[in-house]
Amino acid sequence: MSGMSAIYTIWYRNVLKYFRMKSRIIGSLGMPFFFLVIVGFGLNSAIAVPGMQVNYVEFIAPGIISMSILFSSMFSGVQLVIDKQIGFLKETLVAPVSRLHLMIGQTLGGATTAVMQGLLVFIISIAIGVGLPSFSGILISLVFMFLIGLSFTSVGIAFASRMEDTHGFQLIVNFVLFPVFFLSGALFPLDRIPDWLSFLTYIDPLTYGVEGIRYGMLADSQLNPLLCFAALSGFLVIVLLLGSFLFNKIKI
Amino acid sequence: MELIKVEHLTKRFGDLVAVDDISFSIRKGEIFGFLGPNGAGKTTTLSILSTLLSPTEGSATVNGYDVLSQKADVRRSIGVVFQDPTLDEELTAWENMDIHRRLYGMKKSREKIDELLTLVELDNRKKQLVKNFSGGMKRRLEIARGLLHEPSILFLDEPTLGLDPQTRNHLWDYIRNMNREKQVTIILTTHYMDEAEKLSDRVAIIDRGRIIALDTPSALKERVGKSVIRIESSETERVKDKLARVDWLNNLSSHNGFVDVTLQNAEKRIVEVIKILNEVPIESVSLQVPTLEDVFLNYTGRTIREQEASVKDRMRQHRKVSR
Ligand SMILES: Nc1ncnc2c1ncn2[C@@H]1O[C@H](COP(=O)(O)OP(=O)(O)O)[C@@H](O)[C@H]1O
Ligand SMILES: [Mg+2]
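Those protein sequence lines, which keep their order, are chains A and B.
Position 47 of the first sequence, counted from 1, bears residue number 47 in my numbering, the numbering being contiguous throughout.
Plus 252 on top of the position in the second sequence (first one is 1) and you've got my numbering.
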């Protein structure tokens, strides 16, 4: 019972702070917006997506939604470093609650705000002409959005547990976030690419998230949605365990 | 009743012995002060008592619960104000309190939050972001937050570090108030003599991980010497005669124009002494009272300030070496 209230408290703090930082919400919509509009429409006529009955803007919309969730959730996770620095982490660690519950609350909070961010991009993509999916399609998309959010918040927490300051953020952005995003098949079709690239794409967990959302939004995808669900859930379990393990080892 | 009992507690960080076989107990309702220079092991001791560090050896119970095996019960019993700030400055004072309330699983306590914020005189700023608060206000907010879940014990780690003298005085009043009104037992650490002396019922002087003396401030001071009232007069014999007739004055000595009266609590008796001498001419009166600094000096051969300086020296040397 007290576990639930601890989880809720940490979740609540994340959501409260998300709504407080309006400029951050708007700011982080910039990149997805430009990707959708400039890259999307820029290449729309040049690229025909093989094997799918969609244009390029429609094709990348799920990828861009995934991107914003990826960035936002990872950022929420590594926020833990800032909680370490401002000392707030101690306030939570000395409370009569278990670290596992704190970690779960942080993960749910990060995923929630990331999915809200993803939904904003979803709305933008509908606004610029991507067709409105069916109700069940939206639900399927939401499931995959949450899986991405939960997974990468955990990854962020795992990183943050081992970091003492924010110097590593840039490293994470350049060597984790960008590769994970660009290798995910968010921007290109999965077949007719070189083998080495194809290999990297298939071991990138975000690929399965992008494809899952694609299935939900466009009712068409290159990978079986059940496979996507299984792969991403498996990844989530692994990073949740890893994140909890490392969070548990944080020394103050 | 003993709220805290510590037995042969030791904490090592690698080769460094931060806390070295200390034992003490703290009674309900006390304000207990840990006085010692930087690096003495005060924060480490509090961290063990608040379950954030485990002891290397020895045992400790807080409110009857073991700090190793009954962590959650210990945590529910204590409020902690850490040496470094732990507030979320992007949230308001009220939100910081509210999150604390939720973390401790308290149901309705809107009134309680308001009451505590009033007690530390922050109720009119509760809707403001903490980042706009002064250092003293943040400290007060942390103290109020630490009391929200009605702990029996409040830990204050260097509560007035870095605050200006006026704010410190103010904060001392709050701390005394909390102790009296909320009947909360308080353990505070400090490296300020005056803070330990003015606030604590008992003081443990700690140096290099060891408790070197533990008693009430006045008893500690008496151990290193009684206080002396020194009276300068042209008629020392008359002064001596008059004072010798008072039964609680029995330790008098005179030398070239001065009479030294040695007694306990001289600072409280000085007025009476002067009244007794009402018609005898007096040039000057001075008071020599031992301080906790003298106590520290007596036991360690160094003053706390010297000790601090030598720690800094060592750190500086260390930095040079590591370059
Ligand atoms: N986590 C730690 N790792 C290694 N050494 C530590 C750690 N925490 C404290 N110390 C060392 O233990 C000693 C006591 O520190 P501390 O308890 O913070 O002293 P105080 O609070 O009295 O200033 C110091 O020498 C300090 O450098
Ligand atoms: Mg300290």
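Mixed in with the good hints, there may be bad ones.
[Stated by the list, open to error] Calculated lysine-lysine pairs in the PhoX-like style (CA-CA distance at most 20 Å, straight line):
| no. | chain 1 | residue 1 | chain 2 | residue 2 |
| --- | --- | --- | --- | --- |
| 1 | B | LYS527 | A | LYS251 |
| 2 | B | LYS383 | A | LYS17 |
| 3 | A | LYS249 | B | LYS323 |
| 4 | A | LYS84 | B | LYS390 |
| 5 | B | LYS450 | B | LYS494 |
| 6 | B | LYS360 | A | LYS84 |
| 7 | A | LYS17 | B | LYS494 |
| 8 | B | LYS379 | B | LYS360 |
| 9 | B | LYS364 | B | LYS383 |
| 10 | B | LYS478 | B | LYS492 |
| 11 | B | LYS450 | B | LYS478 |
| 12 | A | LYS84 | A | LYS17 |
| 13 | A | LYS249 | A | LYS84 |
| 14 | A | LYS90 | B | LYS478 |
| 15 | B | LYS364 | B | LYS390 |
| 16 | B | LYS323 | B | LYS360 |
| 17 | A | LYS22 | B | LYS383 |
| 18 | B | LYS360 | B | LYS257 |
| 19 | B | LYS280 | B | LYS434 |
| 20 | B | LYS450 | A | LYS17 |
| 21 | B | LYS364 | B | LYS478 |
| 22 | B | LYS390 | A | LYS90 |
| 23 | A | LYS17 | A | LYS249 |
| 24 | B | LYS450 | A | LYS90 |
| 25 | B | LYS478 | A | LYS22 |
Hint data in this document are derived by calculation from the structure and do not stem from the laboratory.
How the hints compare with the structure:
For the proposed pair LYS527 of chain B and LYS251 of chain A, the alpha carbon gap of about 61 Å is over 20 Å, so the pair is violated. Using a Cα cut-off of 20 Å, the hinted pair LYS383 of chain B and LYS17 of chain A holds, with the two alpha carbons roughly 14 Å apart. Among the hinted pairs, LYS249 of chain A with LYS323 of chain B is consistent with the structure: their alpha-carbon atoms are about 16 Å apart, no more than 20 Å. With a C-alpha separation of about 18 Å, the suggested pair LYS84 of chain A and LYS390 of chain B falls inside the 20 Å cut-off, and the hint holds.
Taking the CA atoms of LYS450 of chain B and LYS494 of chain B, the gap is near 34 Å; set against the 20 Å cutoff, the hint is violated. Only pairs whose Cα atoms come within 20 Å are accepted, and LYS360 of chain B paired with LYS84 of chain A is rejected, the gap being roughly 29 Å. Annotation: proposed proximity of LYS17 of chain A to LYS494 of chain B is violated, straight-line Cα distance about 74 Å (limit 20 Å). A threshold of 20 Å between alpha carbons decides the hint, and for LYS379 of chain B with LYS360 of chain B the separation of about 19 Å falls inside it, so the pair holds.
For a cut-off of 20 Å, the pair hint linking LYS364 of chain B to LYS383 of chain B is broken: about 23 Å separates their Cα positions. Taking the CA atoms of LYS478 of chain B and LYS492 of chain B, the gap is near 19 Å; set against the 20 Å cutoff, the hint holds. Between the alpha carbons of LYS450 of chain B and LYS478 of chain B the distance comes to roughly 19 Å, so the proposed pair stays at or under 20 Å and holds. Simply put, LYS84 of chain A and LYS17 of chain A have alpha-carbon atoms about 17 Å apart, close enough for the 20 Å limit, and the pair holds.
This hinted pair checks out: LYS249 of chain A and LYS84 of chain A have alpha carbons roughly 13 Å apart, not beyond 20 Å. Using a Cα cut-off of 20 Å, the hinted pair LYS90 of chain A and LYS478 of chain B is violated, with the two alpha carbons roughly 44 Å apart. Between LYS364 of chain B and LYS390 of chain B the CA atoms are separated by roughly 19 Å; this keeps the pair inside 20 Å, and the hint holds. A distance of roughly 25 Å separates the Cα atoms of LYS323 of chain B and LYS360 of chain B; the hinted pair therefore is violated under the 20 Å criterion.
Taking the CA atoms of LYS22 of chain A and LYS383 of chain B, the gap is near 18 Å; set against the 20 Å cutoff, the hint holds. Restraint check: the Cα-Cα separation between LYS360 of chain B and LYS257 of chain B comes to about 33 Å, which exceeds 20 Å; the hinted pair is violated. Distance restraint check for LYS280 of chain B and LYS434 of chain B: the Cα-Cα separation of roughly 12 Å lies within the 20 Å cut-off, and the hinted pair is therefore satisfied. With a CA separation close to 41 Å, the supplied pair LYS450 of chain B and LYS17 of chain A exceeds the 20 Å bound.
With a CA separation close to 47 Å, the supplied pair LYS364 of chain B and LYS478 of chain B exceeds the 20 Å bound. A C-alpha spacing of about 16 Å is found between LYS390 of chain B and LYS90 of chain A, which places the hinted pair at or below 20 Å, so the restraint holds. Taking the CA atoms of LYS17 of chain A and LYS249 of chain A, the gap is about 26 Å. The hint is violated against a cut of 20 Å. Between the alpha carbons of LYS450 of chain B and LYS90 of chain A the distance comes to roughly 29 Å, so the proposed pair goes past 20 Å and is violated.
Of the supplied pair hints, the one linking LYS478 of chain B and LYS22 of chain A is violated, its CA atoms being roughly 65 Å apart against a limit of 20 Å.
Checked against the numbered hints listed earlier, the structure breaks hints 1, 5, 6, 7, 9, 14, 16, 18, 20, 21, 23, 24 and 25; every other hint is satisfied.
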